[in-house]
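Heads up: the protein sequence lines correspond to chains W and C, in order.
Our numbering puts the first sequence at residues 1 to 114.
Our numbering puts the second sequence at residues 115 to 225.
Check the hints yourself; a few may be wrong.
[What the hints assert, rightly or not] In the EDC-like style, the derived pairs of lysine to aspartate or glutamate whose C-alpha atoms are separated by at most 20 angstroms in a straight line are: (1) LYS171/C to GLU131/C; (2) LYS44/W to GLU119/C; (3) LYS212/C to GLU79/W.
[Stated by the list, open to error] Chain W stretches covered by chain C per the calculated footprint, using a threshold of three residues with CB under 8 angstroms from any CB of chain C: (4) 37 to 44; (5) 104 to 110.
Think of the hints as simulated: they come from the structure by calculation, not from any bench.
Every value quoted in this text rests on a predicted model; they were computed, and no experiment measured them.
Glycine residues also receive a C-beta, built at the ideal position from the N, C-alpha and C atoms.
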Amino acid sequence: NAGVTQTPKFRILKIGQSMTLQCTQDMNHNYMYWYRQDPGMGLKLIYYSVGAGITDKGEVPNGYNVSRSTTEDFPLRLELAAPSQTSVYFCASRSDGWARGEQYFGPGTRLTVT
Amino acid sequence: TQLLEQSPQFLSIQEGENLTVYCNSSSVFSSLQWYRQEPGEGPVLLVTVVTGGEVKKLKRLTFQFGDARKDSSLHITAAQTGDTGLYLCAGATGGGNKLTFGTGTQLKVEL
Numbered sequence: 001n002a003g004v005t006q007t008p009k010f011r012i013l014k015i016g017q018s019m020t021l022q023c024t025q026d027m028n029h030n031y032m033y034w035y036r037q038d039p040g041m042g043l044k045l046i047y048y049s050v051g052a053g054i055t056d057k058g059e060v061p062n063g064y065n066v067s068r069s070t071t072e073d074f075p076l077r078l079e080l081a082a083p084s085q086t087s088v089y090f091c092a093s094r095s096d097g098w099a100r101g102e103q104y105f106g107p108g109t110r111l112t113v114t
Numbered sequence: 115t116q117l118l119e120q121s122p123q124f125l126s127i128q129e130g131e132n133l134t135v136y137c138n139s140s141s142v143f144s145s146l147q148w149y150r151q152e153p154g155e156g157p158v159l160l161v162t163v164v165t166g167g168e169v170k171k172l173k174r175l176t177f178q179f180g181d182a183r184k185d186s187s188l189h190i191t192a193a194q195t196g197d198t199g200l201y202l203c204a205g206a207t208g209g210g211n212k213l214t215f216g217t218g219t220q221l222k223v224e225l
């Protein structure tokens, strides 16, 4: 049981380039999330999904897109990278059941846009 | 927009000292979690508190949820170097579909 896995671990992009951050979970969780974390700070929600085919915006969705075609995968797409998107990106999932909101996090992708 | 403010933002102490971290909001949460994050890793859940006034203990860590479910505290007794990390509180609302994370407290415990 690998939990939540993310690829790549590190990436450097030039301004205007595009990329997809991959996230996969093997816990059969319906709920999945993408966050960004700036140095020494808390996490800000970018997008989330409550099940395959259903996604919704979080607090900071501008400049990002997501899709959820399967329960396991929740990729995050950056279309035109900007320096403001330099951050560490975390994917998380949580189980159904009583809504305590406890989430399980991946190890993160560190992205630098120059 | 719901905000969770943590204080202090940074804390550097000696091993064996006690400390308290605070998490405050003007919003009511259905539950509140505390996470610890180590460098280069994702946050890991420490505890969830649900009932106003609830106190939970995890070895040397004591967590309390405010009576009005708007605030929480984390108290560490006799801190150890292994307690070093970023501590994050996170509040859940409604059905718990989303968490609002606090601003974080960076704790460093030195010998």
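Results of checking the hints against the structure:
no.	hint	verdict
1	LYS171/C to GLU131/C	18 angstroms, holds
2	LYS44/W to GLU119/C	14 angstroms, holds
3	LYS212/C to GLU79/W	25 angstroms, violated
4	37 to 44	holds (count 5)
5	104 to 110	holds (count 5)
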